[in-house]
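Chains as they are written, first to last, in numbering that gives the first Met the number 0: chain L, 0 to 469; chain V, 0 to 211.
Since the hints were derived computationally from the structure, they do not count as laboratory data.
Small disclaimer: the values here were computed from a predicted structure and weren't measured.
In this text, a Cβ means the ideal position worked out from N, Cα and C, and glycines have one as well.
It is possible that part of the hints are untrue.
Cβ-Cβ distance ranges computed for the label pairs, FRET-style [as the list claims (entries may be wrong)]:
1) Pro262(L) - Gly90(V): 34 to 44 Å
2) Leu3(V) - Asp455(L): 53 to 63 Å
3) Gly170(L) - Val104(V): 28 to 38 Å
4) His2(V) - Ala277(L): 33 to 43 Å
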Amino acid sequence: MLLAALVLVPALGAAGAYGRPARHGAWLVAVAGVHLSLVAWAWLAPPPAILDGWLALDPLGLVVLTVVSALFFVVATYAVGYLRRERGGRGFASWLLAFLAAASLVAVSHHLALLWVGMEGTTLAFAPLIFQRRDRRSLEAVWKYLVISSVGIALALLGTFFLATAQGDLGPGVRPLVLDDLVTGAAQLHPAWLKAAFVFLLVGYGTKLGLAPMHTWKPDTYGESPALVAGLMAGGLTSCAFLGIARATEVTTAAGLAAFARPPLVAFGLLSLAVAAAFVIGQSDIRRLLAYSSVEHVGLLVLGLGLGGVGAYGSMLHLVNNALVKGLLFLAVGNAALAAASPRGGLLRAVPASGVLLLVGLFAVTGSPPFGMFLSELTILRAALGGGHPWIAAAMLGLLALIFIGIASMILEMLYAPAAAASPPVRESRWLLVGPAALALGVLVLGVAIPGPLQDLLAHAASALGGVAP
Amino acid sequence: MQHLADLVLLLVLLTSFLILGTTRLTTCIRAVAVQGGLLGVLPLVLEPQWSAHTLGLATGTILVKAIVLPWFLTWAIREAAVRREVEPRVGYIASLILGVVAVAVASAVATRLPVPGDHPILLLATSLSCVIMGLLVLATRGKALIQVVGYLMLENGIYVFGLTSVDRVPFLVEVGVLLDVFVGVFIMGIVVFHINREFDSLDSARLTELKD
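With the hints as extra help, turn the sequences into a complete structure.
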């Protein structure tokens, strides 16, 4: 029941929100609040599997579900302030809630075709949100996003078909494409088909995740969509796409083919870091800069997964950090844009509170202590060193240093450089500050001490991926 | 039935080559419609005993892939007034040669992978060829409408592969119909884009008028 409610509540909320733009903010907060409390309930009392095991909640799914639900709640509170300044349009809240429903379906699906359906839902839900401004540039961005994502989604479907083929003739009681049966019967899977399935799922969902070289939609999409939409994509959509790759890795690892799965994961991870470093340096648009930073962080996610061992734990921790930090940064940048402050400089004077949040976000996103990303990046680095890959560790450190320089130089200039025209400080709405401030606090707490239950959950999720907790 | 299935699969391949080699948009759309119709017939010739499920799949496929989507594409051409011919980044001869390479690669892969069930090996080869040729059209053609046709080819290849698991995994092939939603959204996007462009040019024209 609880599992069905997690999907149905936002779905019904989406249907109920259509039209009536005046009430969108309150409606979003209400539905997001109900969803978040359902997630809290799932933490306290783990729900049983329903629909013949098609829907079930395991640690890996619960991590993604929690991250998406929490980030969505923050974005919903932010939307209250946002909608007072900007027109949202009739479907604004509906599409956001449709994403929440689809993302919840991805998180609780243990049937891989159903997971794919949820993934397609998340892709479609964002299209009208990117096209929010309804001009040529956003049309171009949404077109690029849809064409590239849809090809990725199609390849992921082919990978899912391959996985069904790898199962061969089903024995009695074996359910096709149900994760639990795939994992327990992994030894019987046909290796050639399983390998093909893994490659297609990795490339397909990797396109949605925005791994280089399939990342080309990301800068345009994040650059043109409203800040809260971009934040939700960079933190929430990436988490869902990562779950798709994690599921493929889970099955492949269970079949004893980890040695096949790991090299491509590491390669995509390092390539993404390299592309991010190349494009972050000298970037002139803050949103595009953040998009390349997102390419960097999804690269770290698959790098940790590919290194295995403590790396898988580092990846899970990084998933949580990434959602918090990306939400924080996009919302803070969005505040500057809403206040019509010049992005060229003087933000700390023009929008003091958002400026401070942006400064916190800068240190958090570059993995500086005492923020959470420092810990997760350190864990992934330890996995590289411990696994006997000093060159991977060295490459990762070097690229992270380059990216640090690129991001820091741009954000510091935005904050401190003298503004072209000195404008008086703008009064900032509380609705626009509470959310990002909560995210900043969250990522700080994760850097100081990870709460016990969360640590256990991440360790369980990592062990499903063939990793161990440090 | 085996020979009939092989014949249908060969015709599917031929329509793909027709799309690669043609210069006219309308021919492309007709070819992809014929391909959709062939795909609708395919489950009927693959399964000797027709169940209600097979019949439903065939009817649904013909309806969506051979009638609705091609009609929608033709409507978009008229609505958006796309008159110009296809402008490829890679020439037609080169595309055809790449298509042959695609079939060769797909056949080489297909012979190495065990074909599930007792399906003909040509099924796997055709499926992978269509996927590769669809990606080829998506990557090399500049026009949005022809890219949609390429996406349909890619999708058709996936559908052909899905037919191998029809009897083992229920509703898996039917899930693929969700990809058609993308096609619908693309076509709407093209129409919106063209309407938008009309508005833009209208606006700028009016601005210069006011200046005079």
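Hints, one by one, checked against the model:
no.	hint	verdict
1	Pro262(L) - Gly90(V): 34 to 44 Å	37 Å, holds
2	Leu3(V) - Asp455(L): 53 to 63 Å	59 Å, holds
3	Gly170(L) - Val104(V): 28 to 38 Å	34 Å, holds
4	His2(V) - Ala277(L): 33 to 43 Å	55 Å, violated
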